[in-house]
Amino acid sequence: MLKYLARRCALFALALFVVSVVVFLALRVLPGDLATIMAGLNSPPERVAALRAELGLDRPLVAQYGAWIAGLAHGDFGTTMLTGQPVASVVGARAQITFPLIVLGLLIALVLGVPLGCASVMAKSARARGLYQAVAIVGGAVPALWAGLVLILLFGRGTGLLPILPASGFPQDGWSSPGRAFAALVLPAVTVGVIVGASIMRYTRSALQSVASTGAIEMAMACGMTRRRALTHVGLRLAMPQLVSVVGLTFAEMITGVMVIENLFALPGIGSGLVDDLTHRDLIAVQSELFMLAAFFLVIGLLVDLTHRALDPRLGQDDE
Amino acid sequence: MNGTDGRTTAAATTVSTATSVADAPTLLEGIGIHKSFGKGRRRHEVLHGCSIRVHEGECVAVIGGSGSGKSTLTRILLGLEAPDVGDVRFDGEPIASADGRHRLRRASGIVYQDPFSSLDPRWTAFQSVSEPLRLRAHDRGDGGKHDVKHSDDGFVARVCEALRLVALDPQEFLDRYPIDMSGGQAQRVAIARAIVTGPRLLLADEAMSAIDVAARLQILDAFAAVRARDPRMGMLLVSHDLGVVQSIADTIVVLHDGVVVEQGCVAAVLGDPQVPYTRELVAAATL
Amino acid sequence: MNDSQHASSAAAHGVVECGRLRRAGVVVASMWARGTGRFALVTLGLWILVSLVSLVWTPRSLWETNGYDVWAKPSADHWLGTDGVGADVFSWLMAGSRTDLVIVALTVLVALAIGLLLVAAMTSRAAALAHGSVVLIDALISIPTVLIALMLAVPLGASVAVIVLACGFGYGLNLARVARPSAMLAARSMYVESARADGASAMRVFATHIVPNVMPTLVVQCSLSAGTAVLAEAGLTYLGVGVPSGVPSWGHSLSTSVRFINIYPLTVLWPGLLVTVVVVALNLFGDALREAADPLTNRDCEVTMGVVVDDLRVAIASRPILHGVHLEVRDGQRVGLVGPSGSGKSMISRAIMGLLPPTAERSGSIELGGRQLVGLPDVEMAALRGAAVGMVFQNPGTSLNPLLTVGRQIALPLALHYELTADEREARVRAMMRKVGLPADLYGRRPHELSGGQQQRVGIATALITSPRLIIADEPTTALDSMTQRQIVDLLVSLVDEAGAALLFITHDFSVLARATRYCYVLDAGRIVEQGRTQALLDDPHTPQARTLVGAARRLTLHVGDSHARETAVMRETTVAETTTEETVVETSTTGTEEW
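Quick mapping for you: the protein sequence lines, in order, are chains A, B and C.
For the first sequence, the UniProt record's numbering begins at 1 and goes up steadily by one.
For the second sequence, the UniProt record's numbering begins at 1 and goes up steadily by one.
For the third sequence, the UniProt record's numbering begins at 1 and goes up steadily by one.
Because the hints were derived from the structure by calculation, they are not lab data.
There may be inaccurate statements among the hints.
Just so you have them, the derived chain B footprint on chain C, three or more residues with Cβ under 8 Å [claimed, not checked]:
{"id": "1", "segment": "192 to 203"}
{"id": "2", "segment": "479 to 489"}
{"id": "3", "segment": "497 to 510"}
To give an idea of the chain C side of the interface with chain B (calculated C-beta under 7 Å), a few residues [said to hold, decoys possible]:
{"id": "4", "residue": "Val134"}
{"id": "5", "residue": "Val135"}
{"id": "6", "residue": "Ser189"}
{"id": "7", "residue": "Pro340"}
{"id": "8", "residue": "Thr466"}
{"id": "9", "residue": "Ser467"}
{"id": "10", "residue": "Ala552"}
{"id": "11", "residue": "Thr557"}
A few chain C positions that, by computed beta-carbon distances, are all more than 10 Å from chain B [claimed, not checked]:
{"id": "12", "residue": "Ala33"}
{"id": "13", "residue": "Thr43"}
{"id": "14", "residue": "Asp294"}
{"id": "15", "residue": "Leu556"}
Built from N, CA and C at the ideal position, the CB exists for glycine as well.
Assemble the whole structure, with the sequences as input and the hints as a guide.
Below you can see the structure in the form of structure tokens.
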């Protein structure tokens, strides 16, 4: 296991490096030059030159990259152009909205998706199975935007039929009034949860089915378990490694939905911040924010892989 | 090694009872073969110096318990893997070079244990059986075509002939997928594929273990028909089933822990085994 | 070649020629045959049609805005009403369909190209390339598509290219990852090795063997990706990095309606509904295509059993599989059930144990110790399984739970049926392990660390630990080599006799049967065709099926010494003491149905 740990962490570091390079270069592979774009196409050349000098854009690429990485290591993510605030603190504030939203959404997705997936495997009649199938397909076919809008129309304060939950915005003082902060996240999280839940339901179903065909379920039943118990106790446990991988994948899928939803519900999270910065051409901030987000997902991927390996003893044998 | 007669010296002395079809020319010969797997601490020596010989028209059975090295030995003999130490000679010529191995593989056919994993599940019987023909044609630059749709009439004829030889009706089976066949039928398709180019050497690696007892007879008949068509074809049979061995083999080589402990003609070895290990095998097989 | 041979060869040739074309037609027809497939084909067909039509005609011009007629309800003039600037909603959706069609088509193409390239790299024989590509995929796949889109939007501005490249790249990586297991399976298979040994080049192997075996997965993934691309378009356009704002698209229609949701909530209805329907159709299309085109689907049948047959001790009835089977295994008897594969032997054991899939129906009568099992709910069956009836499976490698240690596996029936302390359980398990000949130090090991023979001993121990009255052994030796086979059979027989239990031994090999049972039934195509004392059947089989089986067993058994030795070999099992119960069944040799 130790050898695997070392290898996997090395892989993680490598991936982090690759991502940083990719993000760095992507923003510089531009028709025209970074400073011009940031300053705006109609800016006077002196302004552009000043910007270029200020941001160190006239130095060689490698030096710029080095400076940026060094800054990251010290927690200096640059400063936003608009407000002059350090990116780190801005992102920090935004993260307090986005990360809880993601976690909450994922929890809802798991609570919805895993039991439904199990139920669809255990369904006895063809009609029941068809119904579960339909739920999974339609759930995954709904655009996040639309789902969010529908929920707002149903429950949102101001427009909804049952106006009980805030449909936009996040309390100014953040989490210091946890009740209101939480309430503001409910509708968005449910939106995320329902859509991602459909994916998780599909994956759970296929993981269970592949486990069910191995014969271990049959043997558990032969020892005296009912079919239901064999599927939930033995089957889920055996399918756990696959499910864990899947959660890692859905995390990455979620971010698109999250960004849209943050926008829709006017939550000032990382996602909408990123879009704003792009619109305002604050590319230095964008660079660091992109990298942070990507790194976040790489960390998730690392945790997922380690959990997967810990859960499946067969993998311990020969390190593939 | 000291290739006087190719026999190795190991802990157990090799016992040889009589000789078999030794008049025919030697088709394939392995001399002093050693092979290990794994590196460092995991290193595991599978073959400790084996020598074996197959004559034209002879069927040599390699028997032994699991882990004795039977499959490894035969794979080395067929040029699928290279030995660490030792020589393999085909028609008297060593096959150490890539060219030599190529030549050997071109002249040999293999039937594997499980027909359902040795036949491409998404290819029809025709596609599977004609593949060796297509590959040969391609190799010779006959404009061999990948595309089965435009296959040569000659291919179809040869495939049908091969299928008929193993008692499968071409009308029924040309267009069939392995999943629609029984184990015995699929294995016969695999045999047809192995012999469709008229190889000089056929390896059957546990070809019957995964097949129903009732269907095994059909497989045996198929092998018999093949050998009747090509009397000069040599055959290597790997099996743990002595009943099967008794039915078709001429010579037996007994492998135990990577060493040849006994060899000779079938009747002699099975009727009167000299070595304790062979006696155990024979006793276990008599139900 | 004589005439008949020529004819058959020509026919064969014709068959091969028409194969491709016929297959395409057959695929579409069989997709059409399913309800979901039909829906998918119709929807997608309409989509393409509407897109083409929109190039030349829409009900109203896209640029026709009417400030006085905003948010109008659906009417003859405006089939779906108007939007916030008075433009016709229907026309915009119609025009939008062609944008989305183009986006989806291009995205799928890009994804497929990248995916196939990566699959080729992963299955390459150059280890560096294979490992490197896997690492690359894992590293890049964690980057969400939308981030890539945002990055691309910087140099490219909001455009279709952003969506296509970002989504195509992300989905391509995903395709490769999802296709990896089947690709590796194909790459490591015997048929690929065989082809390589025959001199096939890597390119050829990839194109002719690996790709077709990966296709079904790819097809489904591509259709899922197509659906996701439509959704992504909606989201990205909303965020301002997708389709630029003068160009009609579904995402555009959705996004504009968001701003006015307070005024006219229903404005979101149509675009959202349209997108959902199309994405559903795309998903169903992939599923239907895979089912129709892949020769491997739907072949491992769902067992449906019909009705009929009744009476007697253990009788199981079914239409396609078991046609009124009657067999009895009384206390202390060792009975065999023999037949070729596909005759339904496994069905019988599973029917008795209640292990049939939920879609199967069984009827007839199964009495166990006077208790009727047919119609018993699963909960009560579960109480019997592992306590009154034990089962030994054919393939312990896949039946044993890989997560449980040997000790816990064997203890499972005890844990499920009895209240014992952990110590008591351990003591019994260890005693059982000694009885089946498992070394004590294997107690804490896992199945994958054991040999085949040892695994099967664990299986036997698990089946016997609760001293059930009936033991069903379903081909317990088929997966083992001949030396081990004999040991396992002997072990099973001695344990069963010692416990005085009944044994139903299922196999396809008559020679094993001779050693293990005294009475047997011959099953063929779901019917019992012959039954009788095993010995008598071996000496003198009546029916052709039995003759085939016995003949095969004889021919393939090792004959050493003279015929006398042969006879004693077959009768060997008389060393075990005779049981008390008398067999009163007379040997019958009907090839027909019931009547016993």
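Now for the hints, and whether the structure bears them out:
no.: 1; hint: 192 to 203; result: holds (count 7)
no.: 2; hint: 479 to 489; result: holds (count 4)
no.: 3; hint: 497 to 510; result: holds (count 3)
no.: 4; hint: Val134; result: violated (22 Å)
no.: 5; hint: Val135; result: violated (22 Å)
no.: 6; hint: Ser189; result: holds (6 Å)
no.: 7; hint: Pro340; result: holds (5 Å)
no.: 8; hint: Thr466; result: violated (30 Å)
no.: 9; hint: Ser467; result: violated (28 Å)
no.: 10; hint: Ala552; result: holds (5 Å)
no.: 11; hint: Thr557; result: holds (5 Å)
no.: 12; hint: Ala33; result: holds (20 Å)
no.: 13; hint: Thr43; result: holds (29 Å)
no.: 14; hint: Asp294; result: violated (8 Å)
no.: 15; hint: Leu556; result: violated (4 Å)
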